[in-house]
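There are 2 protein chains.
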Amino acid sequence: MEHIVEPKELQKRMVILRQKGKRIGLVPTMGFLHEGHLSLMRIARSQCDVLVVSIFVNPTQFAPNEDLDRYPRDFENDKKKCEEEGVDILFYPTSESMYEEEYSCWVDELMLSKGLCGASRKGHFRGVCTVVAKLFNLVQPTLAVFGEKDAQQLRIIERMVRDLYFPIKIIRAPILREPDGLAMSSRNKYLSSEERKQALCLQKALKGAVLRFDQGERSSRILKEEMTSEIEKMPLAKIDYIEIVDDQNLTPVNEIKSPVLVALAVEFGKTRLIDNQQLLF
Amino acid sequence: MEHIVEPKELQKRMVILRQKGKRIGLVPTMGFLHEGHLSLMRIARSQCDVLVVSIFVNPTQFAPNEDLDRYPRDFENDKKKCEEEGVDILFYPTSESMYEEEYSCWVDELMLSKGLCGASRKGHFRGVCTVVAKLFNLVQPTLAVFGEKDAQQLRIIERMVRDLYFPIKIIRAPILREPDGLAMSSRNKYLSSEERKQALCLQKALKGAVLRFDQGERSSRILKEEMTSEIEKMPLAKIDYIEIVDDQNLTPVNEIKSPVLVALAVEFGKTRLIDNQQLLF
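These protein sequence lines are chains A and B, in that order.
For the first sequence, the numbering used here gives the first residue as 1, with consecutive numbering after it.
For the second sequence, the numbering used here gives the first residue as 1, with consecutive numbering after it.
Hints are computed from structural coordinates only; laboratory data are not their basis.
Among the clues, some could well be false.
Since copy identity is lost for identical chains, a pair holds within one copy or between any two.
Here are the computed lysine-lysine pairs in the DSBU-like style, where the Cα-Cα straight-line distance is at most 35 Å [unchecked claim]:
hint : residue 1 : residue 2
1    : Lys257    : Lys8
2    : Lys81     : Lys189
3    : Lys22     : Lys169
4    : Lys169    : Lys79
5    : Lys79     : Lys270
6    : Lys8      : Lys22
7    : Lys22     : Lys12
8    : Lys8      : Lys169
9    : Lys204    : Lys189
10   : Lys270    : Lys224
11   : Lys270    : Lys204
12   : Lys233    : Lys189
13   : Lys8      : Lys149
14   : Lys169    : Lys122
15   : Lys270    : Lys238
16   : Lys238    : Lys81
17   : Lys169    : Lys20
18   : Lys189    : Lys122
Turn these sequences into a full structure, and let the hints steer you where they fit.
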């Protein structure tokens, strides 16, 4: 496995690999890798010649009040996991090299970013789009894999690829869950054991919505009410949002007539967890 | 010469040419081609295997009050000129194909875009950056040529390439002028014969500034006053701005101690002309 720290060095390396006709797969991560990340790598690995994984805790996607400084990091362990997954190039740049002095260029998606996490996390998706565009231009991958766990992010990246014509195939990777159902996330590490127990309510609420939808319920209001009361049973849970939105354009839906995304964000103490579920016909 | 209208068709074509190891040169234009554009093509031609010229009057870089609808067009003549210059691929997409339904992704440069034309033309450089980023991703050129005439645009594109890591070399092409000194521009066509005569004051003012700078004058205020009075001699001229800014970051300079850009925008009736001059040591 090659280790590359300098963005320009990565780009030079990738240009050569592209010229050789290699299919390049990219899995962008913020590190503290868990099975969810590894599943993305396996999906990419199976479809490319050269697998690039980036580890970069991107400061521009954190608001000043968020958890940039305490975001969990374990580079040695991440490196080991990447080796084991057969990663070819591990890219772990510094913030200083990714954002030069007088940095001034941003990629901004203005429709899908408005609601859900975009409403609570101002500037978050601008930071995400910008860093992903930069990684795309550095790596010039044939394909890139993003997890369904960050459902809004995934759709925004797909929109960015469509609108800005990035010649890159985006692959959606399904959510991986712990045995008890909690969606895997680097942020789960923050949870106290009591919070960890109560956090199961997210998956329980989503499963409840699937069941009621399968039984024929089509009212978003009713489904949201039921999810809300499920989550409010947990004294440590503070709901940020529970939304049912069009699966494509992420606008709120009242009566479910076409595929929707049920998405929620719930805080446990300082830890904000997200989860989601598509409802398909 | 190949003619391509569909963005995705262009991208497919370019992917093949890139795989063959061709050096690709791009000259993005809004058409109504004059010698200035042709000089850009010749510069690109001399450094690439495949020369791509785009003709697209990009609606998103025009404000609602601007001249999008009356912007001059002469596609048949443009095509002939491109043939004569040995252009390999002429790309002339429609607005509908460049901006799909629910278009929502923008590239925004936030520092160099603030002053000069960015102050008078709100949203202009966001439109420019966005369409250029799209063209870059469609064409995937090795190099792209932009004219010094649009000095601020050139620096913003260079900044975008730096910040977003586009793997593209940007080449600056010098301003081409009519025999009497007026900088070539598709918009010169708008001028009445009297306006056309008076428009020479732009170049005269800039030449005056160079002369006074060479004589040792270092005060921006004095140089700007002298240029202002030169231009105000012309009754049809309405000054939008006359600025002396740092040549790199485009911030206003009081005392000239390092390279600056003298930039001005002057209106003649409905026609807005720009011109500029570097002052180097």
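Going through the hints against the structure:
With identical chains, the CA atoms of Lys257 and Lys8 are at most 35 Å apart between copies only, with a shortest distance of 32 Å across copies and 48 Å within one. In this homomeric assembly, Lys81 and Lys189 come within 35 Å of each other (Cα to Cα) only inside a single copy, at 18 Å, whereas the closest approach across copies is 64 Å. Taking identical chains as interchangeable, the C-alpha atoms of Lys22 and Lys169 lie at most 35 Å apart whether they share a chain (15 Å) or sit on different chains (23 Å). Taking the shortest alpha-carbon separations for Lys169 and Lys79, both the intra-copy value of 26 Å and the inter-copy value of 34 Å come in at or below 35 Å.
When the C-alpha separation of Lys79 and Lys270 is checked against a cutoff of 35 Å, the pair qualifies only within one copy, where the shortest distance is 28 Å, while the shortest distance between copies is 62 Å. Both within a single protomer and between protomers do Lys8 and Lys22 lie at most 35 Å apart by alpha-carbon distance, with minima of 19 Å and 22 Å respectively. In the homo-oligomer, the alpha carbons of Lys22 and Lys12 lie at most 35 Å apart both inside one protomer (14 Å) and across protomers (17 Å), since each shortest distance falls under that limit. When the C-alpha separation of Lys8 and Lys169 is checked against a cutoff of 35 Å, the pair qualifies both within a copy, at 23 Å, and between copies, at 14 Å.
Proximity of Lys204 to Lys189 under the C-alpha cut-off of 35 Å is restricted to the intra-copy arrangement: shortest distance 20 Å within a copy versus 68 Å between copies. In this homomeric assembly, Lys270 and Lys224 come within 35 Å of each other (Cα to Cα) only inside a single copy, at 24 Å, whereas the closest approach across copies is 56 Å. For the identical chains of this complex, Lys270 and Lys204 are intra-copy neighbours only, at 21 Å inside a copy versus 64 Å across copies, given an alpha-carbon limit of 35 Å. Taking the shortest Cα distances, Lys233 and Lys189 sit within 35 Å of each other inside one copy (23 Å), while across copies they are farther apart (72 Å).
In this assembly of identical chains, Lys8 and Lys149 lie within 35 Å of each other by CA distance both inside one copy and across copies; the values are 31 Å within and 30 Å between. In this assembly of identical chains, the alpha carbons of Lys169 and Lys122 lie at most 35 Å apart whether taken from the same copy (28 Å) or from different copies (34 Å). Taking identical chains as interchangeable, the C-alpha atoms of Lys270 and Lys238 lie at most 35 Å apart only when both belong to the same chain, with a minimum of 10 Å there against 58 Å between chains. When the C-alpha separation of Lys238 and Lys81 is checked against a cutoff of 35 Å, the pair qualifies only within one copy, where the shortest distance is 34 Å, while the shortest distance between copies is 66 Å.
Taking the closest pair of Cα atoms, Lys169 and Lys20 come within 35 Å of each other both inside a single copy (19 Å) and across two copies (21 Å). In this assembly of identical chains, Lys189 and Lys122 lie within 35 Å of each other by CA distance solely inside one copy; the values are 24 Å within and 46 Å between copies.
Of the hints listed earlier, there is not a single one the structure fails to meet.
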